[in-house]
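**Student:** The chain contents come next:
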Amino acid sequence: MNLKVKLLTALVSCVLLSQAWADINIGVSLSLTGPGSGLGIPMQNQLKLFPKTIAGEKVNLIIMDDATDPGKGAANARRFVTDDKVDLILGSCVTTVAAAMTEVASGAETVQLAASPVGVPAGKDKWLFRLPQSNTVMGYAVVELMKKQNIKTLGFLGYSDAYGEQWLNEITPMLDKAGIKMVGVERFARTDTSATPQALKLNLANPDAILVVASGSGAAMPELALIERGYKGKIYQTHAAATQDLMRVGGKAVDGTFVVSGPAVIAEQLPDSHPSKKTAIAFVQGYEKVYGQGTRNQFAGHAYDAQITLEKVIPMALKKAKPGTPEFRNAIRLGLETMGHTVFSHGVMNWTAADHWGYTMETGVMLKVVDGQFKVE
Amino acid sequence: MDLSIASILILDGTTNGAIYGLLGLVIVLVFSVTRIIFIPEGEFVAYGALSLSMMQLGKVPGTIGLLLILATLAALMNGFESYQNTKSPGSGGLAFLKTLWPSLLVSALTCLLVPQHPPLWLQALLCVCIVTCFGPLVYRVAFQSLEDASSLVLLIVAVAVHFAMTGLGLLFFGAEGYHNPPFWADAFEWQSLRFSGQTLLIFALSFFLIVALWLFFEKTLRGKALRATAVNRTGVRLVGISSRQSGNLCFTLAAMICAISGLLIGPTTTIFYDSGFLIGLKGFVAAIIAGLYSYPGAMLSAIMVGIIESFGSFWASSFKEVIVFTLILPVLLWRSILGGSHEES
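Chains as they are written, first to last, in this note's numbering: chain G, 66 to 442; chain P, 667 to 1011.
It should be emphasised that the hints constitute simulated quantities derived from the structure, not laboratory data. One thing to keep in mind: the hints can contain errors.
Cβ pair distances, simulated, as ranges [said to hold, decoys possible]:
| # | chain 1 | residue 1 | chain 2 | residue 2 | range |
| --- | --- | --- | --- | --- | --- |
| 1 | P | L867 | G | K113 | 42 to 50 Å |
| 2 | G | K217 | P | V877 | 48 to 56 Å |
| 3 | G | K150 | P | A774 | 49 to 57 Å |
| 4 | P | S673 | G | A270 | 13 to 21 Å |
| 5 | G | N234 | P | F991 | 36 to 44 Å |
| 6 | G | E376 | P | Q782 | 42 to 50 Å |
| 7 | P | A982 | G | K317 | 26 to 34 Å |
| 8 | P | S673 | G | V435 | 50 to 58 Å |
| 9 | P | H783 | G | K113 | 43 to 51 Å |
| 10 | P | H783 | G | K317 | 15 to 23 Å |
| 11 | G | L126 | P | L779 | 38 to 46 Å |
| 12 | G | N234 | P | I1003 | 26 to 34 Å |
| 13 | G | E392 | P | S817 | 58 to 66 Å |
| 14 | G | E392 | P | S811 | 55 to 63 Å |
The structure displayed is predicted, hence computed values, not measured ones. All C-beta atoms, glycine included, are put in the ideal place defined by N, C-alpha and C.
From just these sequences and the hints, can you work out the full model?
**Tutor:** Have a look at this one:
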């Protein structure tokens, strides 16, 4: 009898202990160094404000730096699934790195919430969900405004990397449909000492508008080169340039630029009818209270949206399985696919089994730089 | 393509080429005196430009902290070595202070002056001083004890220094880039060409630095000592020239030229913490074309690299880096046919 009691106590305590150990582990791989650090560091800042528990369960964030290196990103992902046995992977913020992690995550049947628009074909992205708007969604907003402004010819001046290439590939069919002719495609790199030759060549083609595809403070240099060479048409920038850095580096010269953006960055200016207004303001206020006025950023917004997602999905998954098990990971995936319309700071997300991008075409917002500030166009 | 476009491209290429040329000179200088391929030169460029950006924001640049740490480290090394040689604490202390004081002085001046928003030229001067102080310290800490090692070991250490300095650059300056205000904001039109004051400044300063270097090497004893070290390291020791002092001096000069290049290029483009590497690499291509020994050769080939880069970006912007770096292949081939094989001689 005594032995039985002892055994029972041991068994019960085992169960209790294992439950206490079964925290929810989330592997986060971000580019905190290297060229992508301008995106990863704000995300890390936002994750520092992440809640300690969700639905009463302790949540551990294991944050690793991938140095904007796809190999390092894949190694991080491998570590997450083999050593840390994580329930979900978040990251990375750079497309090439996130794409390298996808293989590992789907092999281990673990959901990857990518903070970059990873272009894996539908069907192969069973375990991959993207937080940002696809370039197609953003490009749609750009092309719509171009149509309204009666633009007939367009020049392209973009990064000679995956970001520039994706934009070019995705916007070309939309331009064809809208009857806008691409008259020049030029490339440059973020660390180039000059974009004068490219600007000169585009200026010769003299298109109605030029689309600059670059990120953060790197977006100002080519635009300055265009203006210095006397380009008088309209200049468009993509959502990676929708930060204060554009104006900080570009100064007065970038006034009048059209920039596409997710709604989070211009929270206060959204019309009251915009579904994301309240969430976006909550994000901006929370972030800027800690990191200072004007520090808001597209990618910090994605980190905030990751938090919204998890707060909705984890309680759903906990009802079905225990953290740390394959069943729990599968429950998270099913949860993401069935959670329905969810208000993010960046728009209304609706992931389904067939669509792991989720945002509707109307998510992008066009801004115009007026006196060094973004104004909704 | 007509003449006006070609001349704009040539002007753009020559402007960048002048900067690459200065960096090419640095590579040749450092390599001939110490046999080190000076890979971290790009970081010195970025430190110079970004320290100025920080001062523009009214902040004491983070480079000061690193400077003090490095200076203390180098001073401890020098002091300890001197103590071991002489067994006298006095001379150890003296060597310690001798290494430490320039960095201390520069740091103190920076911390005092920067919050007062001094004029641009004073900030620029402070930046040059800060980065110049780095030169001998980096040499002391990373390279001096390896002065007899093979070129390959020195190259690997140089790569390590480059990575360390890039990482620290991210820490000090953050991931975003900065655009410095021009030192001379006027611009002059001449036919279809537009000369900005900054462009003229780049030409003038590059020319001045080349002349100054030439005078230094031809007319001063120290310069001649450097040249002698470049020719024969054992020989100079026999006649009483310290190869260590030569190394020190050459790194000081190198850091100073890099800092000036950084200040010159800062207003023409956006500089990131990691921008320096690619700029330095183009200087390296120029130095290679010049065979790593000829100063005028390095300058001329750098201007050629700049012009080719400019025309390459005009005709095929997606391939411009490919075009620039492929340049090195025929030159290497030509040189190896010409020179035969004399590895490690």
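**Student:** Look at each hint and say if it fits the structure.
**Tutor:** Now for the hints, and whether the structure bears them out:
Roughly 44 Å separates the CB atoms of P:L867 and G:K113, a value that falls within the hinted 42 to 50 Å. Between G:K217 and P:V877 the beta carbons are some 54 Å apart, a value that agrees with the proposed interval 48 to 56 Å. Checked against the given bound of 49 to 57 Å, the beta carbons of G:K150 and P:A774, roughly 53 Å apart, stay inside it. The hint said 13 to 21 Å for the Cβ distance between P:S673 and G:A270, and at roughly 20 Å that hint holds.
Evaluation of the 36 to 44 Å hint for G:N234 and P:F991 yields a failure: the beta carbon distance comes to about 26 Å. For G:E376 paired with P:Q782, a C-beta distance near 49 Å keeps the hint of 42 to 50 Å intact. For the hinted restraint 26 to 34 Å between P:A982 and G:K317, the CB-CB distance of approximately 33 Å keeps it satisfied. The hint said 50 to 58 Å for the Cβ distance between P:S673 and G:V435, and at roughly 37 Å that hint is violated.
A hinted range of 43 to 51 Å for the beta carbons of P:H783 and G:K113 is inconsistent with their spacing of about 33 Å. A beta carbon spacing of about 21 Å between P:H783 and G:K317 agrees with the range 15 to 23 Å that was offered as a hint. Separation of G:L126 from P:L779 is about 42 Å and conforms to the stated range, judged on CB atoms against 38 to 46 Å. Distance hint for G:N234 and P:I1003: a CB-CB separation of about 44 Å, inconsistent with the stated range 26 to 34 Å.
Checking the proposed 58 to 66 Å range against G:E392 and P:S817 shows it holds: the Cβ atoms sit about 59 Å from each other. Our hint of 55 to 63 Å for G:E392 and P:S811 holds, since their Cβ atoms are close to 59 Å apart.
Hints 5, 8, 9 and 12 from the earlier list are contradicted by this structure; the remaining hints agree with it.
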